[in-house]
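Chain order of the listed sequences is A and B.
Okay, so the first sequence: first residue is 8 according to my numbering, each after it adds one.
Okay, so the second sequence: first residue is 60 according to my numbering, each after it adds one.
In case anyone wonders, no lab produced these hints; they're calculated from the structure.
Bear in mind that the values here come from a model prediction, so they are computed numbers and not experimental data.
The reader is advised that the hints may include incorrect statements.
[Claimed, not checked] Quick list of in silico lysine-lysine cross-link-like pairs, DSBU-like style, CA-CA up to 30 Å:
| # | chain 1 | residue 1 | chain 2 | residue 2 |
| --- | --- | --- | --- | --- |
| 1 | A | K53 | B | K115 |
| 2 | B | K300 | B | K245 |
| 3 | A | K53 | B | K164 |
| 4 | A | K235 | A | K150 |
| 5 | A | K53 | B | K118 |
| 6 | A | K149 | A | K235 |
| 7 | B | K164 | B | K95 |
| 8 | A | K83 | A | K124 |
| 9 | A | K53 | B | K238 |
| 10 | B | K95 | B | K245 |
| 11 | A | K53 | B | K95 |
| 12 | A | K184 | A | K124 |
| 13 | A | K210 | A | K150 |
| 14 | A | K181 | A | K199 |
| 15 | A | K235 | A | K184 |
[As the list claims (entries may be wrong)] Computed spacing ranges between beta-carbons, pair by pair:
| # | chain 1 | residue 1 | chain 2 | residue 2 | range |
| --- | --- | --- | --- | --- | --- |
| 16 | B | R271 | A | T119 | 37 to 47 Å |
| 17 | B | Y102 | A | T47 | 22 to 32 Å |
| 18 | B | A97 | A | K124 | 52 to 62 Å |
| 19 | B | A122 | A | K124 | 48 to 58 Å |
| 20 | A | R127 | B | D170 | 25 to 35 Å |
[What the hints assert, rightly or not] Covered by chain B, according to a simulated footprint, are these stretches of chain A (three or more residues, beta-carbon under 8 Å):
| # | region |
| --- | --- |
| 21 | 58-64 |
| 22 | 97-104 |
| 23 | 268-279 |
Just so you know, even glycine gets a beta-carbon here, dropped at the ideal spot from N, CA and C.
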Amino acid sequence: MFIDPHAHMISRTTDDYEAMARSGVVAVIEPAFWIGQARTNAGSYKDYLSHILGFERFRAGQFGIRHYCCIGLNSKEANNEALAEAVMELLPDFATKEGVVAIGEIGYDEQTALEDKYFRLQLDLARELDLPVMIHTPHRDKKRGASRSMDVIIEHGIAPSRVVIDHVNEETIKEVKDRGFWAAFSIYPHSKMTAERMVALVKQYGAERLIVDSACDWGISDPLSVSKTASLLADQGISADDVRLVTYANALAAYGQSGQMTETDWLSPAPIDQRTLYQGNSVLRGGQTPQVGRPD
Amino acid sequence: MTSFEEVLARKTAIHDWLARRVSAEATAWLEGAIAKYAASGRYGDLAMAIGLAPRKLGKAELALSDDEVRTGQELRRGLDTSDWSIDQAGRVLIVLASYMGDDQKFAATLDRLFQAGEIGEHIAILRGLPLYPAPELLIPRAAEGVRSAIQPVFEAVTHRNPFPKDHFDQAQWNQMVLKALFIGSKLAPIQGLDERRNPELAATLMDYVHERWAAGRAVSPELWRCVGPFTRREDLPDLVKALRGGEDAQSAAAALALSESMLPEAQEALAVDTQLTARIKAKNITWNSIHF
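Use the sequences and the hints to build the structure in full.
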């Protein structure tokens with residue numbers, strides 16, 4: 008069993024869902040993010056949030072995958088102040104929906120003043136709603152951006168144990184771990200982090216508080232990253248317990264703090280969910296083919 | 060009864076059903092959340108209460124007693140909660156309790172809840188459709204539910220719900236039935252299937268049969284139920300094909316449809332199969348017993 012705790016499934020195909028389910032993924036977390044180009048108004052943002060809480064959750068359930076969300080205003084779009092203000096109005100409603108496991112992904116992109124403003128406001132919201140936080144660390148000037156994110160989180164009185172710092176690499180892992188945050192690694196074919204490097208990091212730092220995700224989206228990315236990394240970790244002599252921690256249990260422990268995600272969701276779901284939202288996992292059931300109806 | 064009194068009676072019943080099933084603490088939360096919105100009128104308070112309902116009330120089966128089912132029937136003929144969970148009933152109660160006598164505002168609030176709701180909320184709120192006031196204003200919302208590409212949302216309107224039967228016009232009704240067949244959703248749980256059958260629907264379904272057969276695909280045997288009394292002479296060869304195609308559910312369904320037809324040729328075609336005819340007469344085959 009695997010959890011992919013960072014996957015933009017809205018951009019992926021049913022083939023991906025099938026392959027993920029076959030590989031043993033039982034749950035995915037879809038963080039709210041930008042969609043490759045900037046939205047121009049809050050209405051499209053609202054529809055996006057309701058889409059990831061609605062049709063996307065249904066699609067995942069059809070393949071036996073439980074689907075959770077993080078709700079937030081991403082740093083790129085925080086730079087459009089009019090949009091950002093309107094989206095901030097929407098967030099409390101969406102963030103308290105069932106299956107929302109964190110505020111995220113939030114943080115810095117270019118580290119502008121507006122990004123900083125909305126990052127802080129959303130940290131306050133997370134504290135108020137008692138939700139964990141998923142942090143997107145910037146692609147450029149990552150090290151300083153990550154440090155600064157952690158400083159601001161502490162400043163806002165949020166416990167590091169309730170925060171996952173994502174897109175961590177060799178340069179940022181030590182500080183993230185030393186300061187008590189969860190460290191997540193997006194395993195990408197060409198950028199961010201590779202499975203081979205991940206093996207070295209697990210060997211060096213141990214499995215505690217490390218989390219592997221695919222961060223698959225509309226760019227070149229691999230929805231099977233989690234299971235592939237698990238195989239490589241096992242091949243390279245990492246213990247089964249540690250593999251389980253970084254590809255399943257740590258993500259569950261971190262995001263489970265929301266009270267919105269428990270193992271029973273996929274191991275023994277409520278009958279009402281089985282009748283409606285979740286068809287059961289074919290891997291757990293031992294091999295029926297999941298089906299999704301054609302949109303008519 | 061005014062709609063306000065009607066809503067009050069329905070709220071009381073659902074409140075009592077829930078109070079018998081959840082903890083005192085959960086009941087107190089529910090009452091508090093309802094009172095909070097009543098006092099503030101803030102949409103956010105309403106949305107929050109609906110969002111939190113499953114965490115506060117749990118997702119167990121509602122499973123009403125026979126007495127409670129009777130109460131439900133008295134409050135709303137056709138109400139069928141057999142598939143409801145406790146959190147769904149709670150959400151319906153919160154929605155009902157948001158009604159302050161303004162029909163337009165109620166419909167607008169419902170729309171707003173949909174725009175920012177998650178899938179579980181959509182299902183719960185749509186299941187509650189037969190209980191809400193001013194149903195004629197809610198028809199567009201129900202029709203939108205039928206348009207959903209999410210089958211459980213579609214079925215929240217169509218299955219075990221008297222709203223479509225009572226309020227959909229013929230075009231909406233026919234669209235709903237055709238779509239159910241199209242997406243592989245069962246017809247038997249649709250209320251009023253027989254009373255709302257119509258020639259237009261039967262003709263559309265026969266076109267659908269031809270389309271499917273041309274593509275080498277089967278149709279659901281339930282389809283013939285909506286053709287039965289409106290079978291045209293030109294449809295008879297197709298019904299006979301289903302009757303004698305060698306597939307049990309298809310022949311039973313075709314036989315039932317033929318038995319409901321007024322055409323003498325239909326009765327003649329059916330009479331050839333004495334065994335099926337006898338089973339239909341003895342009510343050993345009914346639309347609810349057909350396996351598919």
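Okay, the hints, checked on the actual structure:
The suggested pairing of A/K53 with B/K115 holds, with an alpha-carbon distance near 26 Å, which does not exceed 30 Å. Proposed proximity of B/K300 and B/K245 is supported: the alpha carbons are some 22 Å apart, at most 30 Å. Pair hint A/K53 plus B/K164 holds up; C-alpha atoms about 21 Å apart against a cutoff of 30 Å. As the CA atoms of A/K235 and A/K150 are separated by approximately 27 Å, the hinted pair is consistent with the 30 Å bound.
Between A/K53 and B/K118 the alpha-carbon distance is near 27 Å, which keeps this suggested pair within the 30 Å criterion. A threshold of 30 Å between alpha carbons decides the hint, and for A/K149 with A/K235 the separation of about 26 Å falls inside it, so the pair holds. For a cut-off of 30 Å, the pair hint linking B/K164 to B/K95 stands: about 18 Å separates their Cα positions. As the CA atoms of A/K83 and A/K124 are separated by approximately 13 Å, the hinted pair is consistent with the 30 Å bound.
As the CA atoms of A/K53 and B/K238 are separated by approximately 28 Å, the hinted pair is consistent with the 30 Å bound. Among the hinted pairs, B/K95 with B/K245 is inconsistent with the structure: their alpha-carbon atoms are about 40 Å apart, more than 30 Å. Of the supplied pair hints, the one linking A/K53 and B/K95 holds, its CA atoms being roughly 25 Å apart against a limit of 30 Å. For a cut-off of 30 Å, the pair hint linking A/K184 to A/K124 stands: about 26 Å separates their Cα positions.
The straight-line distance between the Cα atoms of A/K210 and A/K150 is roughly 22 Å, inside the 30 Å bound, and the hint therefore holds. A hinted pair counts as satisfied when its Cα atoms are at most 30 Å apart, and A/K181 with A/K199 qualifies at roughly 16 Å. Of the pairs offered as hints, the one joining A/K235 and A/K184 holds, with about 24 Å between alpha carbons and a cut-off of 30 Å not exceeded. Distance hint for B/R271 and A/T119: a CB-CB separation of about 57 Å, inconsistent with the stated range 37 to 47 Å.
Look at B/Y102 against A/T47: about 25 Å separates their beta carbons, and that is inside 22 to 32 Å. Between B/A97 and A/K124 the beta carbon distance is about 35 Å. The supplied range of 52 to 62 Å is therefore violated. Range check, B/A122 to A/K124: about 50 Å between beta-carbon atoms, so the 48 to 58 Å window is met. Restraint check, A/R127 to B/D170: a C-beta distance of roughly 33 Å satisfies the suggested window 25 to 35 Å.
For the region 58-64 of chain A, the proposed coverage by chain B is satisfied: 4 residues have a C-beta within less than 8 Å of a C-beta in that chain, meeting the threshold of three. Here the region 97-104 of chain A counts 6 residues with a CB under 8 Å from a CB of chain B, which clears the bar of 3, and the coverage holds. Given a C-beta distance limit of less than 8 Å, the hint that chain B covers the region 268-279 of chain A holds, as 3 residues qualify and 3 suffice.
Violated hints for the displayed structure, listed by number in ascending order: 10, 16, 18.
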